[in-house]
Structure formats: structure tokens, C-alpha cells
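J.: Listed below, chain by chain, are the residues.
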Amino acid sequence: MEYTILILLLPAIMFIFLGLAGHKLKPKIAGIFGTISLGIVTLLSLITAWEYFTSPRVNGVFEKIIPFNIEWLRLGEFLHIDIGILLDPISVMMLVVISLVSFMVHLYSMGYMHGEKGFQRYYAFLSLFTFSMLGLVVATNIFQTYIFWELVGVSSYLLIGFYYTKPSAIAASKKAFIVTRFADLGFLIGILVLSFYGQTFGFIDLMGGNSDLALQGAAQKSFLGIGVLSWALGLMFIGAAGKSAMFPLHIWLPDAMEGPTPVSALIHAATMVVAGVYLVARMFPLYIVYAPGVLEIIACVGAFTALFAAIIACVQTDIKRVLAFSTISQIGFMMVALGVSTSMDAHGGLGYMASMFHLFTHAMFKALLFLGAGSIIHAVHSNEMKDMGGLRKHMPITHITFLIACLAIAGIPPFSGFFSKDEILAAAFKFSPMMGWVMTVIAGITAFYMFRLYYNIFWAKEAKHEHKPHESGFSMTIPLMVLALITCVAGFIPFGHFITANGLVYDIHLETSVALLSVGVAIISILIATIFYRKETQPIPEMLASKFRFIHKSAYKRFYIDEVYQFITHKVIFACISTPIAWFDRHIVDGFMNLMATATQKLSYLIRNFQSGRVQQYAYVFLLGIVVIVGLILLIL
Amino acid sequence: MDYSQFLYMKEEVSLIVVMAILFLYDLIASEKARKYFSVVACVLLGAHIIYNLIPTSTPGSAFGGMYYYTPMMTIIKSILTFGTLIVFMQADLWLKREDTKFKQGEFYFLILSTLLGMFFMIASGHFLMFFLGLEMASIPMSTLIAFDKYRHNSAEAGAKYILTAMFSSALLLFGLSFLYGACGTLYFEDIPALLTSGNYMQLAAFVFFIAGIGFKISIVPFHLWTADVYQGAPTPVTSYLSVISKGSAVFVLLTILMKVFAPMVTEWQNIIYGLIVITITIGNLFALRQKNMKRFLAFSSISQAGYILLGVIGGTAIGMASLVYYVLVYMVANLAIFGVISIIEQRTEKVSMDDYNGLYKTNPKLTFLTTLALFSLAGIPPFAGFFSKFFVFMAAFKSGFIVLVVIALLNTIISLYYYLLVVKAMYINKNDNPIEPIKTDCYTKISLTICLIGIIGLGIASIVYETITAFSYGM
Chain A
1 MEYTILILLL PAIMFIFLGL AGHKLKPKIA GIFGTISLGI VTLLSLITAW
51 EYFTSPRVNG VFEKIIPFNI EWLRLGEFLH IDIGILLDPI SVMMLVVISL
101 VSFMVHLYSM GYMHGEKGFQ RYYAFLSLFT FSMLGLVVAT NIFQTYIFWE
151 LVGVSSYLLI GFYYTKPSAI AASKKAFIVT RFADLGFLIG ILVLSFYGQT
201 FGFIDLMGGN SDLALQGAAQ KSFLGIGVLS WALGLMFIGA AGKSAMFPLH
251 IWLPDAMEGP TPVSALIHAA TMVVAGVYLV ARMFPLYIVY APGVLEIIAC
301 VGAFTALFAA IIACVQTDIK RVLAFSTISQ IGFMMVALGV STSMDAHGGL
351 GYMASMFHLF THAMFKALLF LGAGSIIHAV HSNEMKDMGG LRKHMPITHI
401 TFLIACLAIA GIPPFSGFFS KDEILAAAFK FSPMMGWVMT VIAGITAFYM
451 FRLYYNIFWA KEAKHEHKPH ESGFSMTIPL MVLALITCVA GFIPFGHFIT
501 ANGLVYDIHL ETSVALLSVG VAIISILIAT IFYRKETQPI PEMLASKFRF
551 IHKSAYKRFY IDEVYQFITH KVIFACISTP IAWFDRHIVD GFMNLMATAT
601 QKLSYLIRNF QSGRVQQYAY VFLLGIVVIV GLILLIL
Chain B
638 MDYSQFLYMK EEVSLIVVMA ILFLYDLIAS EKARKYFSVV ACVLLGAHII
688 YNLIPTSTPG SAFGGMYYYT PMMTIIKSIL TFGTLIVFMQ ADLWLKREDT
738 KFKQGEFYFL ILSTLLGMFF MIASGHFLMF FLGLEMASIP MSTLIAFDKY
788 RHNSAEAGAK YILTAMFSSA LLLFGLSFLY GACGTLYFED IPALLTSGNY
838 MQLAAFVFFI AGIGFKISIV PFHLWTADVY QGAPTPVTSY LSVISKGSAV
888 FVLLTILMKV FAPMVTEWQN IIYGLIVITI TIGNLFALRQ KNMKRFLAFS
938 SISQAGYILL GVIGGTAIGM ASLVYYVLVY MVANLAIFGV ISIIEQRTEK
988 VSMDDYNGLY KTNPKLTFLT TLALFSLAGI PPFAGFFSKF FVFMAAFKSG
1038 FIVLVVIALL NTIISLYYYL LVVKAMYINK NDNPIEPIKT DCYTKISLTI
1088 CLIGIIGLGI ASIVYETITA FSYGM
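Listed in order, the protein sequences are those of chains A and B.
First residue of the first sequence? That's 1 in the working numbering, and the numbers climb one at a time after it.
First residue of the second sequence? That's 638 in the working numbering, and the numbers climb one at a time after it.
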């Protein structure tokens, strides 16, 4: 399957080509180039998936294949950094998800970004992002993951700040980069600790390979009362939490919505933000064996984040922010599913399968939601709910596809979200009833805020528009329809036949009680939302908002987490630590350096006469040099 | 006589063939055909490189041990020839001038003779052979330096070079006579067994030897000719001097230190230690104040020689690998800068650093390339110079010279200052009368592109360093 290298190379080449020569092309031509190359990549990914999943199983599992690998840097006897491609069930699934969503976004952007300044630059960055994200998922070793992890961060930074003349976009891009970089520090330390003990970066070696012995030895060692491997895997989770916007590192994601909406769909809904989930899934065998405690922490963080973000999503008025918090909440679901897994077998590992399944379905319907939101924003030129309302008559395709996505995320059968969420809830109930109930409640809140969003956009009171809103063009509606179609049928994919914790076939069967419960909760929530928001006037929400004003306001202000960060960074770190250090740097360190520089300059002035230009003097110095060396040796020896 | 020994000399023989063809071409080619002299020279030399790229023979010796061969030498010779090819390309514009056009054949022939001398020097197994090679590399060099003989500077530089070369050769021979007196032989293979630690006569011999070869590498205090000669010589010759001539000498130095003077390892390590410290420091201190680009690069190359010696001091195979890699990386960066200087000098006669003010406005591409080359020389990642510095530091560090590495590291900070000074001049300093946009010819374009690829690619493509390492263990 050597052709998989093309999946990586095509976007990389396209980035270089569009980056260097893009401004010479017509914008449309550049867009077509980008879209066609991504179309080919998507096709190759699908072929890869087909070939991979139809290949015979060995001992009941799909084999891990490394079709391409080069040693890039050797660091010692054991450690070497490779760049390669690893195909296993989850990486193949991710290839399909990323290339498909990216292709849809490329196509969609042809219409959405039409006429924007820097159209070619936009496509170059999209290619860069796609390349980095694909490189991340097919990494053969954790260091390659890290390299592409950072590349993904950079391209996200570039795309959030795409409108670089807008101060809020600049601030958002910096915030996203700094917060995730900060988390990546944990990731890097985790990598170094793990590879130090495991003596390898390679995933295959780390998981049930040659470094088992080394890791078992390391499992005995501890630092500050906690095992070193727990430290390593816990630190890695910090990196994952940063990228996947887990509480309290979630603050960058809502602001990242300053970027163009298709970018939000691609990066901040479907692909990059699930990189953290993917990382935990990738390292899952190690978590299970060496750090079950960390898994429990992951479950708790995930559950709290899911709840926290779902509450905030209920009161936001910017539709992209609602979707952003919904994304955070849904990623929390995936993290919970991973965290509640207790073993590799079919029952303990149900959560792992559910998490990957939800990652897949979520990528599709969340991309659909964002692209739908983009279509709406394109029509009314505003992100605020109050500027929308009653759009169902003007934008039928957007309306229907958006509704399908809302039903999917709310967990209504037969849409895809129902199946994956059901598995997550089943896994959570198996872990502990408490966790199961919490997640069911959050699922209810999800259905509520999604339909609040839906009614406010498509029903409710129609706002006054300068131009009459109209349906978007084909380049934008086709991706919507494709994604809606996938959302309708994806739930029937026998996912357990492809991806499970231990690789063996597992038949998904609905747990009737859990399914009934979750559907029941979802329907009740949707009914409440219908009563609250369908009408042109909305008396009940207004009444509730004024009655619980404090809670409403703090939820609207996202529970002041940003303000807390602001306080910690500006008042505590900047004022108490950075300022004194800056003073020390400016006066003591710089002073010393200036002294050195002056001394060097003076010395250089003093010795200038050596270089007189007279060759006879050169000979003297030559000879003198020899005499001095001989003399010194005679003296010393 | 066993003619199969000539097989070991594949490189030398093929170089002689190239020289012979060029010589005949110079004699018999018509006026029209002479226009293509540079093409012929470059193609022949390129063919020579390709023909000799892959080491074919196993290690061995010829002519009763006078000549030595190891696969590593093929690598070294290929690197030197490759550099020479780039110099040929960059020299074309200068050679096409009215006053040099009629003697371009001499240029090629003389350069290749020095290269042949270096080949013999590198492959020598006897001090006599070494000395012959050294002289063969030096004497044509002085004619090359004085190539623009009607220009005062060039003639003066040639005279200075030949005088200093004679002086250092005399000292080297004096040292060799000591060595012969102490050991009774000049074969590299026989000497180690006869050397003893702490013998004054042998030590004196060693110091004289170092002085002789230090002149070629321009180690302080044997460096004083460097700045004047670099400034006076035609720029392509300067770049040849600073890269190829210097590179060959360090290769020889390390080979002889490892092969011949191995029993005196502690003594020579002490000497080299001191030489490295003063070479880097003095080179840096002088470079700070230079206003002429070629003089500036002369001192920069002195300080770089100090860094190259860091690979020598350990006397290990890793040191050899890091040194070869360093020379290769240094070569592409230095040739890039000299290529730019050369074309600017040819087009506008400007070589002062002040003339480079505001170059970015008029010649962004050349400026960009120069910037990358300077970054590489200063050792800023991700350019190749960072990796090469890293490897020589690593080699010295592994041999236990921690203080030395710290001193060298501190000196890189000083070097950063003066390299960035040029960058600042090109980008930030204002100039009312900047160098006008320069049209580069095809040769310069190709050579600069090769250098650019080298500056960026050599560090990232780990295969280069690994290949060199693999061969250096077998030497």
C-alpha cells in the first residue's frame, strides 16, 4: 500500500505550490487546484480504507502495516526519530474522516470565500493543515505525532488569524496558539519521560512490542509518590486536553471562531480538536496497563467539561459560539468514553469503540452544522441569533440539512449520533450508574440547546434584512447534502467490525433500557425547546433569564474563566514574576552583556596593529608563534 | 612493476585526464570554440565527480607505501572536487572579462593542479609525498592569486602568499628533518612505533609540522597572510582558497594526527587546544571591525577554522565524520556568500560592507540567499550550519573537552554579532545610492541554487551525515 505516501505528499506539494506561486494564479484557479488535489486524496483514502478493511485478518485482528518509513534522526543507541506511515484501524478511519471533511470544506470554501482577499493564501493554509493533520494520524511514532501536532497548531494559528486586519482575529489566533503550546509542554515532557523509560518512540514497540520489559521495569519506579509512567501518560493527557479544549484549557476554542467558518468546521469541529481524543486512543493500551488512575481522571475531566460546556451553550447568542461549546461538550463525551474503559476486551473496552465511533459520527454532523451555520451567516451577514429567525422559508436545503444534524447530535434514531452516543452511555452506565446518569442529563441538555439554536435560526421572529436572504450556491449546498447523507446512514455502519479496543470483531447491540432512556430524555428536551423558542415571542426563557439572572449572566460570561486567566496572567504572573525578572534582565544581564561587548570591541581595537600588511612582520609573528609554543611545552612538560 | 596499483589512484588519474583535455583544448580550440571553454571545463569536472563518486576499491597502498587509499578519501576528494566545480561556475563571469578572457585555460589548469596536489597530499603515506603534494597545491595557488597581475592588489597578494608559503615550507621541512633524525624514517606506517611520549626533538618536529600545515588552514598565529591575500586575490580564487584549500589541509591534519602522531596524543591535544582557543577568539575579534566584505570573510574563515579543529582534537572516527560534514556545510555556505560577492563585484566593483546597505530593496533574492548562508555560518537552526556545529561540539564533548566547548560556544555569540551585522546592513541600514538590481548569469544562478539547496537540505537530510559516519569508521 505504498501509494498512501501520496495522501501525505499531495497536500504538502499543494501547500508549497500555492504558497509560492499562488499569487500569480487567478483565485478561482488556485481554489480548483486545491480542491482537486484534495479530491484525489479523499479517493486514495477511501481506497486505502477499502483495501485495508478487506484484507484478511491475522488472529482475528487487522494487522498494523507500515508501508513507508525512513529514519530521520538518530539520537542514540536505541532512540531514533522516524518519519513514516502507520496503518491500523483507527489511523485508517481518521484518514477517511479528515480527507472527506477537508474535501467538503475545500469545495464549500469555493463559494463561501469567493471574492475574499488572500483566497490563494487561504487554500495554501488549508492544504498545510490537511497535510499536518494527515501526518499526525498516520505517525509511526510519538515524536512524529508531536512534530505534526505542532504543525497542526501552526496552521490553526494561521487560519484563525486569516483576517489579519481584524484585531479580534489576531487576539484569538494568539490565544489559541499560546494556550495549546502551553499544554504541549506537558505533552513534550510526557514524550521524553516515556521514551526515556521505554527506550523507543515507536508505537508498535511501545505497545506490546520490544519495550515491554523496559516499561514493566519503569512501572516500579515512582516520582513524588506517583508512578513515572502515570506521570508520563498524565502529562501527555495535558497536551491532549489542550488540543481538545478540555476544561480548564478550553478557553481558546470559542475565540477561535473568529476564523472563517469553513475553517471552524474543519479544524475546530471535525479534525484538529479531536486530535487529543485520538492521542489518548493511540496510547490507550498503555493507559489501560500502566495508568488506570489517569484514565479515571480523564473520565472525570471529560464529564465535567461536557456538563460545563453544555450549560454555557444554552445561553450563548452567537451561533458559532453555541456550536463551539457544543463541540467542547461532545469531545467531553468522547473523553468520558475512553476514560470509563477498564480493559481491552469487548466489555471493558466498549468505551474505546464508542469513543472512536462518536468521533467519526460527530466529525460528520458537526462539520455539517458548521457549514450550515456558514451558509446562514453568508446569507444574513451576522453571527447573532437576533438577526436570524424564520429562515426556513428562504433557505430550504440549509434548513433540512441543519435539522438532520440537530437530530443526530440530539441522539434521535435513526441518525448517526444516536448510535454512537448510545454506546457511550452504555459504557458509562457499566462504569458506574452515577456516571451514566450524569452523561444522560448532559445528553438532554445537548438536545435542548441544539433545538434552541435551531428554532431561533429557522423559526421564531423574522429579523429585518437589508437584502432578502437566499439559499447559497451549489458549491456550498452540495457539501451540506453529502454530509447530511452520511449523517443519515453512518449509524448503520457495523463499527465494531472495524475498530475495537482489542481488534477483535464485536457486534454492536443496542441496550434497550439505555436507548429508551436516552431517546426519552432527548425528546423531552426537544419538546421543552419547542415550547420555549418556536414562537415569535419567547416569554418563558425571558422570564427564566430574569429570575435566575445571576446564573444566566455568569453562564453567558462563560463562568468568568477567561477573566480568571486574565487575572492570573496579568495580575499575578506579569506583575509579581515577570516585572522583576524583566528588571533583572534589563539591568543586570544586559549590563553584563554590554560590558562584554564593550570589552570585546576595545580588545579588538587594541590588537589591530598585528595586521599591519607588512609581510616581514608576518614572518616574525609566524616564527615567534612556533618559539612560544615550543617554549610553553618545554616549560610545562 | 605491478600496474594494478594505479587502480587505487583512480581519482588522480581521471583528474589528470581532465587536465590534459583542458590543456589540449586551450591549445587547439578555435576562437569560436573557446567561447564554450567554461562549459567544457564544468562538464568534464562534473563527469569526473560522477565517475568517482562511489568508492570502488578496498583500502590499500601503492608504490611501496608512498600512496594510501581508503574509501573515506573518495568522499573527501569528491567534496573538494564538488566545491571546485562550484568555483568554476562562479568564476565564469570574471573569466569572460576582456583582460582575462585569453587566459581562462590557465585558470582551469592551475586550479586543477592545486587540486591534484591536494589529492596527493591527502592520499600520501610518506612525508615526502605529503610535502610534494603540499607544494603542488601552494605554488600554482600563488599564480592564481596574482592572476590579475596588472592589478596592484592582486600582484601584492600573490607575492605575500608565495613568500609566506616558502617560509612555512622551510619550517615544515626543518621539522621533518627533526622527525627523520628522531625516527630514521618518514613512512607514516613506521613512525608511530618509534615515537615516544615526552621526547623533545619529536615535539619540536611536531610543532614545526603544525606550523607548516597551520599556514594552509590559517590557524592563529600563522594566519596573518590571510586577510591581505583574500582581499587582494580575485574573488573566485579567494573562495577557492577559503574553502577547498583549507578543507584539504584539515583533512590531512587529522589523518596525520591519527595515523602518525597517535603515541603523542596528549601532547598534541594540548597544543591543538591552545590553538583552537586563540584561533577562534582572534579570528572573531578581528572580524568584528572589518569593513571590506572579503576581509571580513577572511577573518570569519579563520574563526571557522578553529571550529573545524574541534573535530580534530578528539582524534576519533566521530571527530573525522563531524569534520568532513562541517567542511561540506561550511563549503556551501561560504561559496554562496562568495558567489554573491563575486557577482556584485563583477557588476559594480563594490566590495565594501557599506555598499551592501539597503541591498534588500534592490536585490531581494541575492540578499535572502546571503542571509541564509550567514545564518548557516553562524549556526542558527534549522540551517545546515547548526547541525555541523552541533556535531563538532558533540565530538569534542565526547572526547572530554568540556571547557573548550564552552569557550567555543561563547565565541559563537560574538560571531553571531558580526554575521548579523551584515544582515542588518542589507535589510535595515538606509542607503541613498544602493547597488542597482543585478542580473545574474546562468552559471551563477545554478551554482547559487546548488548552495541554497545545500544550506537548507544538508542539515535536514540526515542521510548525508550518516553516510559520512559510516565511512569514517573504516578509515
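These aren't lab readings, by the way, just hints derived from the structure by calculation.
There could be a bad hint or two in this list.
As the list claims (entries may be wrong) - Subject to a maximum C-alpha distance of 30 Å in a straight line, what follows is the list of computed DSS-like cross-link-like pairs (lysine-lysine): (1) K28/A <-> K1002/B; (2) K26/A <-> K1082/B; (3) K998/B <-> K24/A; (4) K987/B <-> K24/A; (5) K896/B <-> K987/B.
J.: With the threshold set at 30 Å, check whether the alpha-carbon distance from K26/A to K1082/B stays at or below it.
T.: Holds, at roughly 29 Å.
J.: Is the hinted pair K987/B and K24/A satisfied, with a Cα-Cα distance of at most 30 Å?
T.: Violated. K987/B to K24/A sits at ~34 Å, over the 30 Å cutoff.
J.: Checking one constraint from the list: CA of K28/A to CA of K1002/B, max 30 Å. Satisfied?
T.: holds (29 Å)
J.: K998/B and K24/A: Cα distance at most 30 Å?
T.: Answer holds: K998/B to K24/A is near 21 Å, not above 30 Å.
J.: Check whether the Cα positions of K896/B and K987/B lie no farther apart than 30 Å.
T.: With Cα atoms ~46 Å apart, K896/B and K987/B exceed 30 Å; violated.
Checked against the numbered hints above, the structure breaks hints 4 and 5 and satisfies the rest.
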